[in-house]
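**Q** Following the hints, position chain B against chain A.
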Amino acid sequence: MSSVLFVKSGRSPLLRDGWGRLYSRAMDALTIDNLHKSYDGKEVVKGISFSIGQGEIFGLLGPNGAGKSTTINMIVGVAKLGAGQISAFGYDNQRDYRKTRQMLGVVHQEIVIDNFFTIDQAMKLHSGYYGVKDDPAWRAMLIQRLGLEPYLDKVMLKLSGGLKRRFMIAKALIHRPKLLILDEPTAGVDVELRHGLWDFVREINRQGTTILLTTHYLEEAEQMCDRIAIMNHGELIALEETQELVRRLSSRQLRLWLEQPLAELPAGLDFYAPKLEEEGRLLLLNLPAGVRAGDLLAQICGLEIKISDIETEQSGLEEVFIQLTGMQGMSA
Amino acid sequence: MMGSGLDRFYPWLPFWTLLRKEIRRFWRVATQTILTPIVTASLYLFVFGATLGTRLSVIEGFSYAQFVIPGLIIMGVINNSFANTSSSLFMSRYLGGIVELLVTPVTPTQFIMAYTLAAMIRGLLVGTIVWLISTLFAGLPWASPLFAILMAMTASFLFAQFGLIAAIYANNFDTLSMFSNFVILPLIYLGGVFYPVSILPAPWRALSYFNPLFYLIDGFRHAIIGVGDTSYLVAFGVSATLAATLFVWAAWMIGKGYRLRS
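Residue numbers (my numbering), protein chains in the order written: chain A, 1044 to 1375; chain B, -13 to 248.
This is chain A alone, in the form it adopts within the complex:
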């Protein structure tokens, strides 16, 4: 099966925003068209295209080295475009770079800080770089929401990793961007803080900010994102609404505890990739989407296998991800 089949080109013209209201895709927050990039003769982004609607939370996922950060760097202007076109809110990010950069806020994967300044000073400066006059009320709100108040006068060198991350998010929002780009914002951040950050991201999304994020935590992507694109080896191998992607590609696992241990796998179940565990007392069967558990059970009963207990397990994005990127690896 070719991985290309997983890329859905068509999208519904209407989406729901955070309040459940429908809105049109008349002007996308971000449009990427046939984007390429090579480093030292090696192509790391191979002609990807996608759009992000205004108000969406869009996840860009992929294993390390898939080309996610390179793509983000080209969007925000840290990397030069190899070939292709990027536009934000209708403006070309090369020709009208001042306009697009005003509308984008980015939190890079690497923690970057300027040790010369305190949090407060750095935020004021950052607002100025964006050509926006300092708004003390807005700055205070961001500082308060990200829990930075106690550290305002500290030089950044002395802050912990989690605080630096929160500071970078506050700084990325100081000029009120319409599209916030988060490249692995929760890498190396503890669980409690991660939840806090995602709550905050949801909140600003509800208030109208479009979000593009990359994360290694697939469970979070599944919970957060309206749509997900998966990149592997510089190509886009999936692009769908999250629920749809998980539903279509995930499978359930049926775990049957047997009254009598089996010495070998029963015949006729190959389709379900059977496995025996627990010294033959646990039979594992994969239940692909679209197959009814009842039909499978009936078939097993016909084999005269006595079942003492049944468990099912639903796979999530994690499995879909492994399935997709693994496939890509094999076909490459």
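Among the hints, erroneous ones may be present.
Calculated lysine to aspartate or glutamate pairs in the EDC-like style (CA-CA distance at most 20 Å, straight line) [stated by the list, open to error]: (1) B/K242 with A/D1139; (2) A/K1207 with A/D1163; (3) B/K242 with A/D1083; (4) A/K1167 with A/D1139; (5) B/K242 with A/D1135.
For the record, the hints were derived by calculation from the structure and aren't laboratory data.
**A** Just chain B now, kept in the frame of chain A:
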């Protein structure tokens, strides 16, 4: 409230902000950036002005202190203008902070202007303080004060550009210090800070005319004491041409994002 995008955009605010940041950067560590060069220059002044200087005379009608002070002033201007752009931009590349600037609407022109202006302010500030301290050792005639200021500004502009170029090419601290230790320092010392080029034997004198710093130093001294090895026109012409060349070079690299954007 969020993402309104309705905030007014002030196109020159990025420039003023970057300039302010660059000035604050050196001002915060003034002990290193202002005080150290002043102490160094004061030591030179003491050695050449108060001790050795009384026994030396290189130009008729002037004490050695009067001869050497303009050279020390311009040396302070050159070293500090170079140090400011080169260390600021290099550190920013080295530590990754440059990325925070590259994603903002700061234009390449604003970028160069802010870095250059901050470097000029530091260089000229050090030069001015060195001059003020030098008044304790010797008075200067100030033959053409306006031309002296023009030459000092050209020197600081030129070395601000050179600092940007060095910071872009340097891959590590060693390369960066090579620029100041193996390029600027010999050129300054051989450019006539401590002696008039005219007293050198013929081949060395001829060679000195290929040292661009000779024109900066000689032109500045000429404007202050009224005596020089070259005319104002030649001194300014050569310095300004070199400054313009380095500016075009730096502007081309920054405009292209050469070694700044991957």
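**Q** A separate judgement is required for each hint: does it hold in the structure or not?
**A** Right, here's what the structure says about each hint:
Between the alpha carbons of B/K242 and A/D1139 the distance comes to roughly 16 Å, so the proposed pair stays at or under 20 Å and holds. With a C-alpha separation of about 13 Å, the suggested pair A/K1207 and A/D1163 falls inside the 20 Å cut-off, and the hint holds. A hinted pair counts as satisfied when its Cα atoms are at most 20 Å apart, and B/K242 with A/D1083 qualifies at roughly 18 Å. Restraint check for A/K1167 and A/D1139: the C-alpha separation of about 25 Å exceeds 20 Å, so the hint is violated.
Only pairs whose Cα atoms come within 20 Å are accepted, and B/K242 paired with A/D1135 is accepted, the gap being roughly 17 Å.
Checked against the numbered hints given earlier, the structure breaks only hint 4 and satisfies all the rest.
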